[in-house]
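J.: Protein chains in written order, with our numbering: chain B, 1 to 233; chain P, 1 to 737; chain D, 1 to 83; chain W, 1 to 83.
Everything labelled a hint here was simulated from the structure, so no lab data went into it. Any given hint might turn out to be false.
Below 20 Å or equal to it, Euclidean Cα-Cα: the simulated EDC-like pairs (lysine to aspartate or glutamate) are [as the list claims (entries may be wrong)]:
| id | chain 1 | residue 1 | chain 2 | residue 2 |
| --- | --- | --- | --- | --- |
| 1 | D | K66 | W | E37 |
| 2 | B | K137 | P | D190 |
| 3 | D | K3 | W | E37 |
| 4 | W | K13 | D | E38 |
| 5 | P | K411 | P | E723 |
| 6 | W | K66 | D | E37 |
| 7 | P | K440 | P | D78 |
| 8 | P | K256 | P | D190 |
| 9 | D | K66 | W | E38 |
| 10 | P | K555 | B | E215 |
| 11 | D | K3 | P | D190 |
| 12 | W | K5 | D | D18 |
| 13 | P | K256 | P | E319 |
| 14 | B | K78 | B | D38 |
| 15 | P | K536 | P | E298 |
| 16 | P | K144 | B | E144 |
| 17 | P | K257 | P | E319 |
| 18 | W | K43 | D | E38 |
| 19 | P | K601 | P | E513 |
| 20 | B | K113 | P | E416 |
| 21 | D | K5 | W | E37 |
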Amino acid sequence: MKFGIVIFPGSNCDHDAYHVVKHVLGEEAVFLWHGDRDLRGSDCVILPGGFAYGDYLRCGALAKFSPVMQEVADFSAKGGPVIGICNGFQILLECGLLDGAMLRNASLRYVCKHVYVRVETDRTPFTSIITPGRVLKIPIGHMEGNYYAAADTVRALEDEARIVFRYTSPAGEVDPAWNPNGAMAGVAGICNKARNVVGMMPHPERASEAALGCEDGKIIFTSVVRAIAGSCV
Amino acid sequence: MSPGVAAKSLADLNLTTEEYEAICDHLRREPNNLELQIYSVMWSEHCSYKSSRVHLRRLPTRGERVLLGPGENAGIVDIGDGLAAVFKIESHNHPSFIEPYQGAATGVGGIIRDIFTMGARPIAILDSLRFGPLEKPQNRSILKGVVSGIAGYGNCMGIPTTGGEIMFDDCYSFNPLVNVLCVGIARHGDIHYGKASGIGNPVIYVGARTGRDGIHGATMASAEFNEDAQAKRPNVQVGDPFMEKLLLEACLEAMKKGLVTGIQDMGAAGLTCSTCEMGARAGTGIELQIELVPLREEGMTPTEIMLSESQERMLLVTERGREQDVGAIFKKWGLESSVVGTVIADPVLRIRNAETVLAEIPNRTLTDDAPRYTRPLSPPACAGGALPSLPHVDPRAALIALLSAPPIASKRWVYEQYDHMVRTNTLVLPGSDATVLRVKGTGRAIALSVDGNGSYTAAQPMAGAMASVAEAARNVACSGARPIAATNCLNFGNPEKPEIMGQFSDVIDGIAEACRALGVPITGGNVSFYNETAGKGIHPTPVIGVLGLLEDATKVVDQWFKAEGDVIYVCGAGAVSLGASEYLRTVHGLSAGVPAAVDLKAEQALIDLCVDAAARGLVRSAHDCSDGGLAVALAESGFAPGGLHGVSVALDALGSENGDFALAAFGEGGARVVASVAPGDAAAFESLAARVGCPARKVGIVGGNALQLAWRGVRVVDVAMAELFEAWSGSFARQLQ
Amino acid sequence: MTKHKVRVIVTLKNGVLDPQGLAIKHVIDSLGKTGFEEVRQGKMFDLVVTAETSQAALAAAQDAAKTVLSNPILETFVCSLVS
Amino acid sequence: MTKHKVRVIVTLKNGVLDPQGLAIKHVIDSLGKTGFEEVRQGKMFDLVVTAETSQAALAAAQDAAKTVLSNPILETFVCSLVS
Ligand SMILES: Nc1ncnc2c1ncn2[C@@H]1O[C@H](COP(=O)(O)OP(=O)(O)O)[C@@H](O)[C@H]1O
Ligand SMILES: [Mg+2]
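If we strip away everything but chain B, and leave its shape as in the complex, we get (with noise of 0.2 Å):
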C-alpha cells in the first residue's frame, strides 16, 4: 500500500516517517508537497512532525492554508485514513479535522524524550490491531503539546471513546507525574468521529526499529497496513 507524506516548509521528521514507512515497513512511500493538489493515489495521509512555518504564530495555525490540506480534507471526509504526528497532530487541531488545541507545555520547556502512553482503543485504522490498554513506549519532542478543549468537547471525547492514546505510568496507570506536558485527561492522542483521522504528540517512526532501543511505535504503521489490507479483501 502507499503511503503518503506531506512536506510543509520547516517539516523536519518528514524523511524519517519515509524510512519507516519504505525501509522497515517495505510498503510504499511518497512525499506530497504542500503547494499541490494531488495526493498522487496515497492509500493513507501522514502529516509528518517539525516546525511547518517555522511553528510561527501558533503551531500548526500557517500549515492550514496550505493547498494539500484542502485535498488532504476531502480524502478523511471519504473516509481515508490520515496520521497526524506532534506538529501534524497540532496542524490537524488548527484544520478543525480535529477537535481542540495545543498550549504551551506546563514546563514551559520544549521537552524531548521517551514517555509512556496506553492505547484506549482499537477502533481507529492505527491501532487495529492493539490490545486497548497496551502501554508502548514512544519519544516525545514538542514545546506545545498540552492538550486543551473545552469541557463539553473533552466529555464527548471521553463518551465516544475517541481518546486513542493517554499518558500514563509504565505500568498503565493515569499519573500527573507521568503527564510530560500538563495535557488535559492526559491526551496523548486522538481521533474525529467517524475514527479514521488520528492525532498524536509522540513519535512512533521514532521508535520502529531495534537500533534505536525501542519498537513500540512500528505497530501504529503496522496496524493500518493491516486496516487498508483488510477493507480492501
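Knowing the structure of chain B, use the given hints to seat chains P, D and W with the ligands on it.
T.: Chains P, D and W with the ligands only, in chain B's frame:
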C-alpha cells in the same frame, strides 16, 4: 596618513597606524571610507586570525582519511562507502553574553551553514558550554537563555543536538563560552567549495534580506568587553531557523541538480567576507552591484550593506545561463534569489553602485595577505602550585557532593530541551560518553565527543590541552568507534598580552602532540580571542571535538552496566592526580596543584583495547574516567536508563600502593576506562588487553543495590545506588530553580 | 489608496489556562515585587494595510485576524486603527 | 488599595528582524488577501495590580515591563491603564 583619517578613527576601527600604512601600500593609494571599513573587518582578529596563524601552522592536518583540512568552511574526512563526514566547531561567545538566546541561536545557525555550504546534510550538533557558578542569578539566566537558544534553533532545523558538555567557573561569569560543533554527511562527489570560478559567471544572493543587524560583529568579537558592552547591543542579530531550514533544503537541491559552481555562507563580516574569499580562493574576482542587494531596511549605506551580519544568507556562483534554474528552486522553497554580481578575471573585490565604482580592493590583501603577527609571548607561569595536605573527609559525603556538583551532575535538564532523536540516527542517546549516529544506507556509525578542561589548561596549558584531546578520543573509543579526526575551538583572552600568547602557544603544542600521537589530525576549527571583560580573562579553554568511525554499527557500546555478575575492569595506565581536580574544588573548595601528566602511549593502547574489544563483542559497557575520577565513573556506569546497577569494587586492586583512598577514588587523569565484561568473555578480554599492551585490572563485579568501595580490606563506601542517583539526577534542575 | 496602520490584539479566552502568564507572575513575585494579582499574556500584531478608506483597512485586518491570526478555540481578538 | 488593570505592549525595536511577522505576511499574501504591506508581531500583557492609586499601579507595571516583560536589547514597551 591622510589628514582625514585621524588616529582616533583608526582606533575606532581597531586598526593600527602600521596597518593603515599597509593598506595604502596594498592599494597604492589611500583607501576611501568604505574600503577602510572593509579592511577593518577583514583584518580583525576574528576574520584574519592575525595573532594565531603563525601558531596554527604547527597543528597536524594530514591523515589518510582527511579529504580536506583547515581553510574552507569545514573539514572533511572519508568514512567509507564513498561518503564523507564534514564537521567543524565554532564559538559564539560575545553575542551570547550580550543576548544569550539570540547569541546562542545564531551561533547554531552559523555553524550549520558552514556544513551545508559544503554540500553536506547536517546530521547532528554538539555544544560545549562554559558559565559562571549557578549560585549567581545572572549566570542562571545566561545558561537558560543559551540552552533555549540552542534548542530553539536546532530543534526547528530538525538537526538533533546529541551531545555536549557544560563546565562552570567564576572566570566565565562575564564571559560565557558557547561553542557549537556540527557534523554532516556528503557523498564525495557532492562536495562543494567556496570558490568563485568561471569568468563571467553570475553571483547570486539567496536567503534573508540584509538589515542593519550585527554591523561590526566581527570587530566586536575582536576586542575586549568593557562596561559599555550594553551599549553595543544594537549589534544583536536575530536568528530565523525557519528561513535557514528552507535555505538548507533549497541549497542542497540546487547543488544536487549541478547548478552550483561555488557557494559560501555569509557569516562574520557578511557580504564582504564571502565576496573576497570566494574570489581569492579561485584566483578570480567578484564585481558586486550593491544596488541589487535585497534590503530589509530603508536608507542603508554601502558600508552598512557590506558589513551587515544579517543571518541566513548565502552567496553562490552558477554557470552563465542557469540563473533561472537556480531561481526556480529557491522560489519553490519560498525564497528570493537575486543576481548581484559577476565573476571577473581581475583578482579584486569591486563594489559598484550602477556605474560608479565605490571600492576596489585586491582580494588577497583581505584574506591570505592580511597581517599576521608573531606576538610577543611569555612562558605561562605554572599557576597551580603544590597541593596542600588535605583534611580527611567522609568519602561517602565526598562522593555525593561530587555527583551533585554541576559539572558532573546529570545534564538531562539540558538535553531534554534539545530534540536529540530527530532524523532517527541517534544510536546512543545523550548521557553516555560519546554520541553515536548511524549512517543510513551503510552499516556504519560515527561517534563524536567534545571536551575541554579550563582548570587543567589554566594550571598547565600544554598538559591541559593534551588531556582534552585524549579525553575526547577516549570518549569516542569507549563507544567502540576508532577516532579518526579532530576539530578545535580555542577560547582565550587578549592576545596582545604576552602571557596569553604564551598559553596559546603551549596549548597549540599540546594539541599538536596529542593529535599526532593518537592519529587524529585537526581538520578545522576556530579561534576566539579577547574573551575578557574589564581586563579579567577566562581560563585558556581549548575545546576539542573528536570524530570516530564505527565500522559495524551493531557493535556500538554505551557506558552503562548491563547485567548482574558482569566483571568490572579498570583498563589503562598513566598517572593520576588530585591537582586541579573536581574533588579538590567541590569538596575542599580549592583550586591548586597540577593535572596529571598525559601518557599518550597509554592512551593509544587504551583506545586500541576499547575499539578491538567492541568489534569482537567482548565488552558490555565502557566509560571513561574523567571529572570526579574512578568513583564517579563507577556510579555513572550504574545509572543505566533501564534501571540502577550496584557495584562492588576493591580499589586496592589498582596497585596505587603509595596513594591514599581519595587519590584512588577521586583522582583524575590517566588513560582509564571502566569496562564491564560478561564472565564468559573475561579470559578473551584479558588476553586481548595483553595483546594490545593495555593493562586491564579486574576490580569487582556488577550487582546489588549499592555502590561499595573497599580500600585495604575495609569497606570505605557503601551507599545505596538510589541515593546516589537522586543526588546526581536532580541536582541540575534544583540549582536552576 | 493609502496606508493605514491597524493594531490587532489577540487574547486568550477567559478560562483558558495561560501557563506563560502564570510563570511570568511567578517570576515577578519572586523578585519581591508586590501587588501583581494576575498576569495574562496575549499577542499583538501591527499591520500596515493599503486600502481606499480606513474602514476598508480595518475590515481587511478583521478578516486576517479571524482567519489567520487567532484560533477561535482559544482566543478572541480586537482590531483598532492606529493614527 | 484597589485593583487596577494595566496593559503592556511590547514591540520589537525598529530594524530588528521579525521572522514571525515575515512568515505570517507571506501566508496572508498567499491566501490572496491583498494590501498587507507589513506584519510585525509583538507581545501583550494584561496585568492586574493592587495599588493605592492608578498612577502607582502604572508605575509598578512599568517597572515589571522594564525588568521582566521586555528585553531591552531587542524590544521597547508601552504601558497604559485600562478602565
Ligand atoms: N550541553 C550539553 N548538551 C548536550 N548534551 C550534554 C551537554 N552537556 C552534557 N551532555 C551530555 O551528558 C553526558 C555527560 O557529559 P559529561 O559529564 O561532560 O561527559 P564526559 O565527562 O564523559 O565528557 C554526555 O552524554 C553529554 O553528551
Ligand atoms: Mg566521558
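J.: Which hint numbers does the structure go against, in order from smallest to largest?
T.: The structure conflicts with hints 2, 4, 11 and 15, although it agrees with all the remaining ones.
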